[in-house]
Amino acid sequence: MTIVHTIQGSRILVAIHGDLDLPTAAPLREALDELLDRYRDKGLVLDLSEVNFIDSSGLGVILGRYKRMTGRPLSLIGVRPNVRAVLELAGITAIIPVADAIRQTAKDQHA
Amino acid sequence: MNNKVKMQFLSIPENVGLARVAIAALAGQAPFSLSEIDEIKVAVSEAVSNAIIHGYQARSDGWIEMTATLDGQGLSVVIEDFGVGIADIEQARQPSFSSDPERMGLGFVFMESFMHGLRVESTVGKGTRIEMQRFARIQGALSRDVQ
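Order-wise, the sequence lines are chains Y and B.
Under full-length UniProt numbering, think of the first position of the first sequence as 1, with each following residue one higher.
Under full-length UniProt numbering, think of the first position of the second sequence as 1, with each following residue one higher.
Everything labelled a hint here was simulated from the structure, so no lab data went into it.
Be a bit skeptical, because a hint or two may be false.
If you want the ones that stay clear, here's a sample from chain B, every Cβ over 12 Å from chain Y, calculated [as the list claims (entries may be wrong)]: (1) Asp-61; (2) Glu-121; (3) Glu-131.
Reference listing, derived: stretches of chain B covered by chain Y, where coverage requires no fewer than 3 residues with Cβ under 8 Å from a Cβ of chain Y [what the hints assert, rightly or not]: (4) 49-60; (5) 64-74; (6) 78-87.
The structure displayed is predicted, hence computed values, not measured ones.
Here a beta-carbon is modelled for each residue, glycine too, at the ideal position from N, C-alpha and C.
Pulled out of the complex, with its shape left as it was, chain Y reads as follows (with noise of 0.2 Å):
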């Protein structure tokens, strides 16, 4: 798993790269809260789309951040169906805001 983070405003937007799951949950907890700790008044923004599986040690990780970032907005993009699938599951949906990979699936389709 690679992560990649920019800031955009009041916002840090990071772009993780790789499955969500027990032996990446750990190192990604890590470097999410070094952002969190580092940049205080800013939101937390994850693409997904290039991540293609995530189970629940990877859903902790998210619901984690979402319980320590008190009031500060965390979003999800680029999810794909598989993903999203289980954060629907997990009623991840119904508390994070969550924007699907759009042009993603449109470049399957077409592949």
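Once you've looked at the hints, dock chain B against the given chain Y.
What follows is chain B alone, placed relative to chain Y:
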């Protein structure tokens, strides 16, 4: 297509991905859709993660055995650890039951939701055995006529 795979691997986090990729490759030999295979991968990932985190309590020297059988019905996966076991299986299967505040206690929920059958056997001090099935769907002219 009939096939059977047996694997034994150490209880290290990196083997969660190895297990689900192996099962995905096996499931690809049956008429499962890509989204069905994605769901099977989540269930396997949860079972192996549970074995590492709870069964072996993050010890890296435990063995996990995975047996997967493919037949005309679909896929059956057995994942077994020889760790501490589960004292109260019914409680462990409840959503949001987790000893770790960052984990959501959703492992069994995902296994139940994404598979068509889940059986859990456990003995304290001896280990836990999880058996899951996913039936392959055969879609054809009849289902289209019904619609």
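Against the structure shown, which of the earlier numbered hints fail to hold, in ascending order? Result: hints 5, 6 break, sorted rising.
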